[in-house]
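What follows is the residue order along each chain.
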Amino acid sequence: MGVDVNTIFQIAGIGIIVAFLHTILDQMGKKEYAQWVTLLGFIYILFMVASIVNDLFQKIKAVFLFQG
Amino acid sequence: MEIEIFQIVGLGLIATLLALVIKEQKPTFAFLLIVFTGVSIFLFLVDQIYELIRMVERIANEASIDLIYVETILKIIGIAYIAEFGAQITKDAGQGSIASKIELAGKILILSMAIPIMTVIIQTMIKLLPNI
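Respectively, the protein sequence lines represent chains A and B. Heads up: the first sequence is residues 215 to 282, going by the working numbering. Heads up: the second sequence is residues -10 to 121, going by the working numbering.
Only chain A is shown next, with the shape it has when bound in the complex:
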């Protein structure tokens, strides 16, 4: 397969770690930091997903002769 499967595990791992950090920071009473950690993790994963979606769109454009 062209796409590396590692990225899926990476996304899942980041999700679990962010959930963990969120819980810990929440219990320490730092609610703002917990929000920021969640937001940063989300943006990081969103970046990965957006780049692969862009890859897919470019490929579909190339395959189905959309460039004309």
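None of these hints come from the bench; they were simulated from the model. As the structure is a prediction and not an experimental result, all values here were calculated from the model. Certain hints may be false.
Straight-line alpha carbon distances no greater than 25 Å define the calculated PhoX-like cross-link-like pairs of lysine-lysine that follow [to be verified]: (1) A:K275 to B:K96; (2) A:K275 to B:K90; (3) B:K64 to B:K90.
Since the structure of chain A is provided, determine the placement of chain B on it from the hints.
Structure of chain B alone, referenced to chain A:
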């Protein structure tokens, strides 16, 4: 070729399990994971479709069919492919209404791309009709 279906099914199963695990904590992350998996499978399928399309083009060339028609059909297949993808992803996220709008957009775009072919068909039929 045969071994790749096992890869895809394994990928889907692993991604489903991981999404189930994350969904309790962070549903948005689970959704992104599912999007990523879907895109990887579609990216893999695009390569296979590429081979099919090259074959269709070669046959059309040998049969000396006007390439405009083949190109239109390929574009229609591309629109259907990407609209299906978007509709499924949005449906997974629970937004069924947006999914049906995407499908509607795909259908209308396909219809508007098929206008030249339909015009040719109608003109041919009119020519076939006997003059009264």
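Evaluation of the provided hints:
| no. | hint | verdict |
| --- | --- | --- |
| 1 | A:K275 to B:K96 | holds (18 Å) |
| 2 | A:K275 to B:K90 | holds (22 Å) |
| 3 | B:K64 to B:K90 | holds (20 Å) |
Every hint from the earlier list agrees with this structure, and none is contradicted.
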